[in-house]
Structures are given as structure tokens and as C-alpha cells.
Amino acid sequence: MAGTELMLDLRAMMPTLFPAVYGLLLLIGVPLLRRDDQRWLWYIAVGGMLVSTLVPISLLYTGTASQGGMEMLRCDPMALWLDVMFALAGLMALLVMPTYLRRVDAYRGEVFPLMFFAVTGMSIMVATENLVLIFIGLEVLSIALYVITGMVREQQRSVEAALKYFLLGAFSTALFVYGIALVYGATARFDLVGIGSAVISGEVFGMPMLLAGLALIIVAFAFKIGAVPFHFWVPDVYQGAPTPVTAFMAAGTKAAAFGVLLRVLHAGFSGSADVSSRWVLTLSVLAVATMLIGNLLALVQDRLKRMLAYSSVAHAGYLMLGLIAPIDVGAANVLFYLLVYTFMTVGAFVVISLFEEDEEDADHLSHFSGLFQRRPLLAIAMGIFMLSLTGIPPLGGFVGKYTIFLAAVRSGHVGLAVVMGVAAVIGAAYYLKVIVAMFFRAPERSVIDNLEVPLPAAVAVALAVAGTVILGVAPSLVLGPLSQVHAGIALLP
Amino acid sequence: MTDAPSAALLLSSLLFAVGAFGVLTRRGAITILMCIEIMLNSANLALISVSRALPGNGGSGLVDGQVMALFVLAIAAAEAAVGLAIVIALFRLKGSTDIDLARLLKW
Chain E
1 MAGTELMLDL RAMMPTLFPA VYGLLLLIGV PLLRRDDQRW LWYIAVGGML
51 VSTLVPISLL YTGTASQGGM EMLRCDPMAL WLDVMFALAG LMALLVMPTY
101 LRRVDAYRGE VFPLMFFAVT GMSIMVATEN LVLIFIGLEV LSIALYVITG
151 MVREQQRSVE AALKYFLLGA FSTALFVYGI ALVYGATARF DLVGIGSAVI
201 SGEVFGMPML LAGLALIIVA FAFKIGAVPF HFWVPDVYQG APTPVTAFMA
251 AGTKAAAFGV LLRVLHAGFS GSADVSSRWV LTLSVLAVAT MLIGNLLALV
301 QDRLKRMLAY SSVAHAGYLM LGLIAPIDVG AANVLFYLLV YTFMTVGAFV
351 VISLFEEDEE DADHLSHFSG LFQRRPLLAI AMGIFMLSLT GIPPLGGFVG
401 KYTIFLAAVR SGHVGLAVVM GVAAVIGAAY YLKVIVAMFF RAPERSVIDN
451 LEVPLPAAVA VALAVAGTVI LGVAPSLVLG PLSQVHAGIA LLP
Chain U
1 MTDAPSAALL LSSLLFAVGA FGVLTRRGAI TILMCIEIML NSANLALISV
51 SRALPGNGGS GLVDGQVMAL FVLAIAAAEA AVGLAIVIAL FRLKGSTDID
101 LARLLKW
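As you go down the protein sequences, you meet chains E and U in turn.
Using my numbering, read the first sequence as starting at 1 and increasing by one per residue.
Using my numbering, read the second sequence as starting at 1 and increasing by one per residue.
These are computed hints drawn from the structure, not numbers from a lab.
Fair warning: there could be bad hints in the mix.
Partial pick of chain E residues on the chain U-facing surface, computed with a CB cut under 8 Å [claimed, not checked]:
id, residue
1, Y61
2, I136
3, L167
4, Y178
5, L182
Just the calculated beta-carbon pair ranges, DEER-fashion [as the list claims (entries may be wrong)]:
id, chain 1, residue 1, chain 2, residue 2, range
6, E, V453, U, A77, 22 to 32 Å
7, E, L8, U, T31, 44 to 54 Å
8, E, S201, U, G28, 45 to 55 Å
9, E, R441, U, A17, 18 to 28 Å
10, U, G28, E, A106, 46 to 56 Å
11, U, G95, E, F205, 25 to 35 Å
12, E, I44, U, L24, 39 to 49 Å
Listing some non-contacts, in silico: residues in chain E with all C-beta distances to chain U over 12 Å [as the list claims (entries may be wrong)]:
id, residue
13, S58
14, L133
15, V177
16, D274
17, H364
18, A428
This one's a predicted model, so the numbers in the text were calculated from it and none came from an experiment.
Glycine is no exception: its CB is placed at the ideal position from the N, C-alpha and C atoms.
Can you make the complete structure from the sequences, with help from the hints?
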């Protein structure tokens with residue numbers, strides 16, 4: 001029956017289709033409403049982002065993996081879990097967006113549809129096994145993010161961050177496209193299943209071409225996840241972008257890029273030991289550099305947005321260990337870590353966004369001194385995010401680090417696991433610096449005296465705290481369902 | 001592979017290198033944008049020449065590489081539009097598009 005087939009097709013495409021259509025409808029609303037009335041768009045956007053969160057969750061509960069969109073978009077558990085993370089990050093960012101934008105006097109309704117387009121792009125990227133579609137999803141995501149990074153166009157640092165993000169993003173896209181072209185030249189296929197079987201059988205037209213293509217794809221995504229030595233744009237863009245946007249891209253882009261890497265590397269290039277040993281070695285070297293340099297550079301920062309940017313570099317290094325591990329050991333841990341990371345990083349950036357005045361150094365560490373005396377609940381929430389980022393039990397960040405550590409040991413990368421332990425200890429120093437300032441210093445600036453915490457921001461912080469704590473106390477709630485997630489990504493040889 | 005496609009591949013890799021070199025050494029935002037376009041189009045050249053040379057379709061090559069090139073063209077246009085808008089926004093604030101002047105955040 002063609003009718004039911006169509007329905008199944010549409011159902012599998014819903015996590016991608018819904019934000020796309022919703023974003024288009026919102027876009028129509030922008031010019032129809034006067035600037036003063038555009039706050040109504042915010043209500044509609046928050047509702048839509050909530051539905052975008054619930055759609056993949058409901059599919060996870062009800063559906064088995066199926067394909068949609070003419071067999072181009074998959075609706076497997078990995079894609080659905082990642083869709084949940086994108087929408088959650090978008091939701092928490094949207095909740096603080098109007099407060100922030102009103103304060104910098106740049107309330108523009110266009111940001112809401114663009115957030116939905118970014119979520120659509122991420123969702124396309126992780127739901128497909130076709131390199132062409134991964135490229136299209138990546139661009140839908142990136143172009144939307146370039147615009148909202150430079151949204152506060154009266155502010156020099158926002159525009160500069162957008163320019164930097166754009167130039168480096170476009171550069172890495174060009175590397176990615178050339179990598180696709182070379183892989184296509186070597187295997188005659190764009191889909192990862194076809195590439196994978198060509199790699200297994202060794203029937204490629206030119207092994208050097210295949211390896212060069214793979215190298216370019218890895219470098220392109222090393223840019224996107226901010227791995228050392230391709231990380232130098234991260235602190236500048238994270239600091240310059242409007243803070244809610246930083247929150248969204250820190251969690252969302254990272255989750256999307258790691259989802260793509262999991263699929264591309266394990267479905268496409270793990271069939272032959274000759275090929276897979278090469279990318280494992282490359283990623284191991286990158287991971288060591290990323291973990292150590294990310295944490296060391298974070299130590300010397302005294303602005304929170306910059307510090308968290310380097311911290312996100314370091315976390316990309318930890319996540320790469322899960323990428324290197326075999327898919328049945330690594331995939332579930334990477335996805336769990338990304339989910340925890342979404343909660344704790346977005347939560348931390350949301351708290352910072354409350355501090356940000358129009359001045360340049362609003363996220364300076366000294367502004368957080370004595371926060372506990374003035375705003376005890378906010379200080380406790382920020383403290384929880386910092387402890388979780390450090391990896392203190394019983395918070396989510398600890399379980400995430402621990403499972404990744406175990407995965408590295410179990411897959412025989414003991415040396416990498418040791419480096420990860422050392423890096424995590426270095427990292428503890430700068431997270432604790434924030435906690436010491438908040439709890440044990442006297443308030444010295446007036447910023448925290450007239451700090452506003454509007455209700456939506458409080459909801460976002462509460463959601464992030466709940467996620468961080470629940471994933472730490474009862475990780476099996478998520479780790480259990482995730483344990484079979486690798487089956488949808490790649491068939492084991 | 002016959003000779004013509006490998007010559008085209010060689011040309012495309014040279015163009016790619018020229019573009020990448022330009023991105024890494026030039027300081028004008030517009031010039032960098034043009035270098036990125038060169039890189040994208042070198043990838044298009046590689047896609048088209050390779051898809052022509054690959055076996056299949058009765059000797060006339062595969063078509064999906066050419067389709068991919070069309071996608072790249074369309075998306076490069078969208079990217080350039082956004083990029084130029086950002087450059088204009090920066091020019092309004094600074095009066096220049098030299099990325100060395102955009103130094104509020106260190107490069």
C-alpha cells in the first residue's frame with residue numbers, strides 16, 4: 001500500500017521536517033509583525049522547539065528504526081537521540097534569548113526561524129548515510145549560525161566573531177567538499193554503505209586518493225569540533241557571539257559533528273584494518289593534543305566565556321577517545337557524554353548570559369565574586385555545572401568521563417586514558433577557580449546586585465540542573481536504551 | 001583512468017592548493033572569500049571529471065558526481081551571500097575589510 005508507505009516515510013522524516021517547516025512559517029511571521037509585537041514570535045518559537053524535542057522522544061518510545069525521505073534520511077536511535085539534544089540546546093538558548101537581546105538592544109525576530117533552520121541542518125547531518133546530504137545539512141546549519149553569530153550588528157565583537165566563524169567555516173567546508181570528491185573518485189559512491197563495502201573489498205580506484213579524501217574529511221570536522229591544532233577560532237567566536245547563541249552552538253554543533261564522525265568513520269572507513277588503523281592513529285594524536293592544550297589554555301583565562309570555550313576544546317578531546325574505540329564500545333558513551341555536555345555547558349552559558357551587560361568584560365571572573373551571598377540558588381546551579389564539567393560524582397559529567405575512560409581502556413588505548421586522567425586533573429583547577437570566586441569571595445562589583453533572573457531563564461537553568469543531576473544519579477535511564485545504539489550505525493565486520 | 005580525467009584532477013588539485021594558500025596568506029576578507037570559491041570550484045572540477053571517468057552507464061560515466069557539483073554551486077552562492085553581508089556589516093563599523101584591523105578579538 002503506497003499510502004501507508006508514505007505515512008511511514010513522513011513519520012521517519014518528522015524530526016527533520018518539523019523544524020524546517022516550522023522555521024519557514026516563523027519566517028513568514030517576521031515581516032508581518034511590527035518590532036514591538038515580535039515578542040509573540042518568541043512564544044511561538046519556544047512552543048515549536050518544545051515540540052521539536054518531543055517528536056524524536058516519542059519516536060524513540062514508539063518506533064523501530066525505519067527509513068524515510070526516499071531512503072535518504074534514517075530514523076535510527078542515534079539520529080533520534082541527537083535530535084533530542086539539538087532541540088534541548090535550542091530550547092534552553094531560546095528561553096534566555098529575549099532577555100539578552102533586549103539588554104543589548106538588538107531584539108530581532110529573525111533569530112527565531114534561524115534557530116529552527118540550524119536545528120534542521122543538524123538533524124539532516126546526523127540522519128543520513130549519504131555524503132551529499134551530510135554536506136547540505138552542514139551548510140544549512142552553518143549558514144544559519146553565521147547569521148545569528150553576527151546578529152548584534154551594532155556590536156563590533158559580534159560582527160568580528162561572525163566574520164571569523166564564516167571564513168574558517170567556509171574554509172573547512174571547502175576541505176570537506178574536496179574530501180568528498182576524492183572519496184567519490186576512489187569508490188564511485190556517495191553513500192557510506194557503498195564506501196564501506198568498497199573499503200572492505202579493497203576494490204578502490206586508487207588507495208592514495210581514498211586516504212587523502214578521508215584525511216580532508218577528518219581535518220574539516222576537526223575544525224568543526226575545535227580539535228587542536230584547528231581550535232584557534234573557538235575562543236574568539238564563543239566570546240564574540242551573543243551568549244545564548246554561544247550556548248546553542250557549543251552544544252549543538254559539537255553533537256552534530258560527533259554524530260557525523262561516528263557514522264562516517266565507523267560505517268564508511270572501518271572495514272579494512274589498513275584504513276582504520278590510520279585514522280585511529282591520526283585521531284589519537286589529535287586527541288592527546290586537544291585534551292592537554294585545551295585544558296592548559298583554559299587555565300590562564302579570566303573571562304568565563306573564553307575559559308568555557310577552551311574547556312569545550314578539551315571536552316572534544318575526551319569525546320575523541322570514544323570515537324576511536326570500536327563502535328559497540330564507543331558509540332553509546334559518546335552519545336551519553338554529548339547529552340550530559342548539552343545540559344552542563346548550555347546551563348553554564350545561560351548563567352553567564354544573565355551577567356552580560358553591554359560592556360566588554362562582563363563575563364570577567366571577578367563579577368562572579370560573592371554570587372552565593374547575593375543569589376544563592378544561581379550560585380549553586382553554576383557550582384553544579386562547574387563540578388559536573390570537572391567530573392565530580394555523583395553528577396552527569398563524572399559518569400560521562402568515567403564511561404569514556406573505561407571505553408578507552410577496554411579498547412586497548414591505556415596511554416590515551418592516562419592522558420585523559422591527567423588532563424581532567426588540570427581541568428579541575430580552572431573550574432574550581434569559578435567555584436571559589438562564587439562561594440568564598442566577598443561581592444566586589446555592583447553587577448550582581450542588580451542582576452535580573454527572569455522566569456524563562458530560571459526555567460532553563462532548572463532544566464539544565466535537573467538534566468545534569470539526574471544523568472549522574474541514574475545514568476542507566478539513558479545508558480540502558482543507548483546500549484544498542486551502535487546497531488543502527490554500522491554492522492560489525 | 002584515461003588521460004583527460006587525470007589531467008583534470010591534477011588541475012583541480014593545483015587550483016585547490018592555490019585557493020588554500022590564498023586563504024592562509026591573504027588579509028583582505030573579500031580576497032579570502034574569493035580563494036574559498038576557488039577551492040569549492042576546484043572540488044567541482046574534480047567531481048565532474050571523476051564522475052565522467054568512472055565506469056558505468058554504458059561508458060558515459062556516472063551522473064551523481066555532476067549532481068553533487070550542482071549542489072555545491074547552489075550552496076556556495078548562499079554562503080557567499082551571507083559572507084558578503086557580514087563583510088559589509090564589518091565595513092560599516094570599521095571602514096575597512098582588512099581582517100588585521102578586526103583585532104578586538106585576537107585572531
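Consistency of the hints with the structure:
Given the 8 Å rule on beta carbons, the hint for Y61 of chain E is violated: about 35 Å separates it from the nearest Cβ of chain U. The criterion of a C-beta within 8 Å of any C-beta in chain U is met by I136 of chain E, whose closest approach is roughly 6 Å, and the hint holds. With a least beta-carbon distance of about 6 Å to chain U, the hint placing L167 of chain E at the interface is held under the 8 Å criterion. Taken as an interface hint, Y178 of chain E checks out: its beta carbon lies about 4 Å from the nearest beta carbon of chain U, inside 8 Å.
With a least beta-carbon distance of about 7 Å to chain U, the hint placing L182 of chain E at the interface is held under the 8 Å criterion. Between V453 of chain E and A77 of chain U, the C-beta spacing of about 44 Å breaks the proposed range 22 to 32 Å. Range check, L8 of chain E to T31 of chain U: Cβ separation about 50 Å, and the 44 to 54 Å hint holds. For S201 of chain E and G28 of chain U, the hinted distance range of 45 to 55 Å is satisfied, since their beta carbons lie about 48 Å from each other.
About 53 Å separates the C-beta atoms of R441 of chain E and A17 of chain U, a value inconsistent with the hinted range of 18 to 28 Å. Between G28 of chain U and A106 of chain E the beta carbons are some 28 Å apart, a value that contradicts the proposed interval 46 to 56 Å. With their beta carbons about 52 Å apart, G95 of chain U and F205 of chain E fall outside the hinted range of 25 to 35 Å. Here the CB-CB span from I44 of chain E to L24 of chain U is close to 44 Å, well matched to the stated 39 to 49 Å.
Chain U leaves S58 of chain E outside its interface by the beta-carbon criterion, the shortest separation being 32 Å against a cut-off of 12 Å. A beta-carbon of chain U comes within 12 Å of the beta-carbon of L133 of chain E; the shortest separation is about 9 Å. Taking the minimum C-beta to C-beta distance to chain U, about 4 Å, the non-interface status of V177 of chain E is violated against the 12 Å cut. At roughly 22 Å from the closest C-beta of chain U, the C-beta of D274 of chain E stays outside 12 Å, upholding its exclusion from the interface.
At roughly 15 Å from the closest C-beta of chain U, the C-beta of H364 of chain E stays outside 12 Å, upholding its exclusion from the interface. Its beta-carbon lying about 27 Å from the closest one in chain U, A428 of chain E satisfies the requirement of being farther than 12 Å from that chain.
In this structure, the earlier hints numbered 1, 6, 9, 10, 11, 14 and 15 are contradicted, and the remaining ones agree with it.
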